[in-house]
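Start from chain A and add chain B according to the hints.
What follows is each chain in one-letter form.
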Amino acid sequence: MSFDVPDDCHYLASHEWVRTDDGAARVGISDFAQDELGDVVFVELPDEGDELTAGEEFGVVESIKAVSDIYAPVSGTVTAVNDVLFDRPELVNEDPFGEGWMLELDLADESGLDELLDADAYRDQIE
Amino acid sequence: MTLRRPPLAGVYEGASLTDFGGWEMPVEFDSIRAEHTAVREAVGKFDVSHMGQVTVSGPDALELTQRLTTNDVAELAPGDAQYAGITDEDGRLIDDTVVYRLPAVSDDDYLFVPNAGHDGEMTERWASHLDRWGLAATVTNRTEEYAMIAVQGPDAETLLGAETALALGSLGRFEVASGAVAGVDALVARTGYTGEAGFEILCPAADAAAVWTALDCQPCGLGARDTLRLEMGFLLSGEEFHHRDEPRTPYEADIGWTVALDTEFVGRDALAAQARDGVDERLVGLELLDRGVPRHGYAVTDTEGEALGHVTSGTMSPTLGVPIALAYLPTEYAEPERSVEVVIRGEPKEARTRATPFIDR
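Line order of the protein sequences matches chains A and B. Just so you know, the numbering used here puts the end of the first sequence at 127, numbered straight through with nothing missing. Just so you know, the numbering used here puts the end of the second sequence at 1361, numbered straight through with nothing missing.
Chain A extracted, bound-state conformation (with noise of 0.2 Å):
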């Protein structure tokens, strides 16, 4: 089975992508992870305005079958949450990089995308 994966995103180990524009990042889970996952139910998202460190857990996605965490992949300031998922979670699964985002962050500093994957070296993590 092939994922999708784009070019234009950064990856976490742990299955969430960053994309940035001009210091602001939009942050969600992989297509592989909502696979894993299966049907998304519910999930669990940060305020506005919290401050996020890279690495650290920002809220939960949970499955018919299963709980997981979700990671920040880079350290910044909430500006928006995808509140459109409190009803539709779903929309993880059916469009995981583009309606299925979870939340933007104002980067505090863009030289953390450094540490994370690009898509070819993501693609080999879940091949």
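No lab work stands behind these hints, which were simulated from the structure alone. Note that the Cβ used here is the ideal one computed from N, Cα and C, for glycine as well.
Restraint-style ranges between C-beta atoms, simulated for each label pair:
1) Leu1003/B with Asp69/A: 25 to 31 Å
2) Asp1302/B with Ala121/A: 46 to 52 Å
3) Ala13/A with Arg1352/B: 37 to 43 Å
4) Pro46/A with Asp1302/B: 27 to 33 Å
5) Ala121/A with Glu1350/B: 42 to 48 Å
6) Asp69/A with Arg1173/B: 41 to 47 Å
7) Pro1330/B with Gly23/A: 51 to 57 Å
Derived, one-sided and incomplete: chain A residues facing chain B with beta-carbon distance under 8 Å:
8) Val41
9) Ile64
10) Val67
Only chain B this time, still in chain A's reference frame:
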């Protein structure tokens, strides 16, 4: 330890697998939600070959099984089945099972189905009591010989009917008949674990692939089996009871109707006392009113935060779209609409007790 592989393991493809009771079993083929919905609205098939199959035959087969299960085996005519507990001297559940009195064409008188991984222990239990009581019967563990396929859902009768000459319409609930399915000699029982109309088919392991393949419908894994049974409030061995980790009697587990106190069986006296005195705790249904998913082991408190009990199983109900759970709580919480809280990751979440089954079936 090497996992036991069900005889159909080589037939189904693409399923994610897990260790369940020492068996390598499929969790999901497609998605739990899709499989669950197929069973509620149409039909799905399950490989349940991990369930034990133990036959008991001979002149004392009835007495032996009567004395080792809680229900009244003497009530069974050939072709009847019943649900029962298997209890220790203190009335605590070691296992739950379905006992079949086999149709007269078979050499074996009784067949009972212990839970996954319990077949060895239960065969030994029957054999050792046979000796202790000086009874005459033959106990045979046939788990490796037989495959078991469940076909469940409102369209199950139509689907299975196309593959067998058996008069399925006249087969009542908890009745079993023998006949060919897809050309394979089989036992067909109107039993199941989903709350839907459906059948369980027992056939030689070597021929099981022909039956599985002929039943052309959604394959379902243990994930959907769990959400379906939980919506019905059915017990899962190891969750709602476990001889060591969750020692519970049938009355506590809310299957007191399986206890025939007018028969003699191991644990009867303890259960008679409990029937007289009542139980302190009982398994009850819960619905979470806040967002979240209750899971096995989560604490349940009253609205003041005082500990009451714990969740044994929980999920997001695919049919209802709300989080549901089973929990052991003080008996006064057994009535519906009592306010409680489930503690999820340290946060109390509002919940209320609910009658089971959670869905109308």
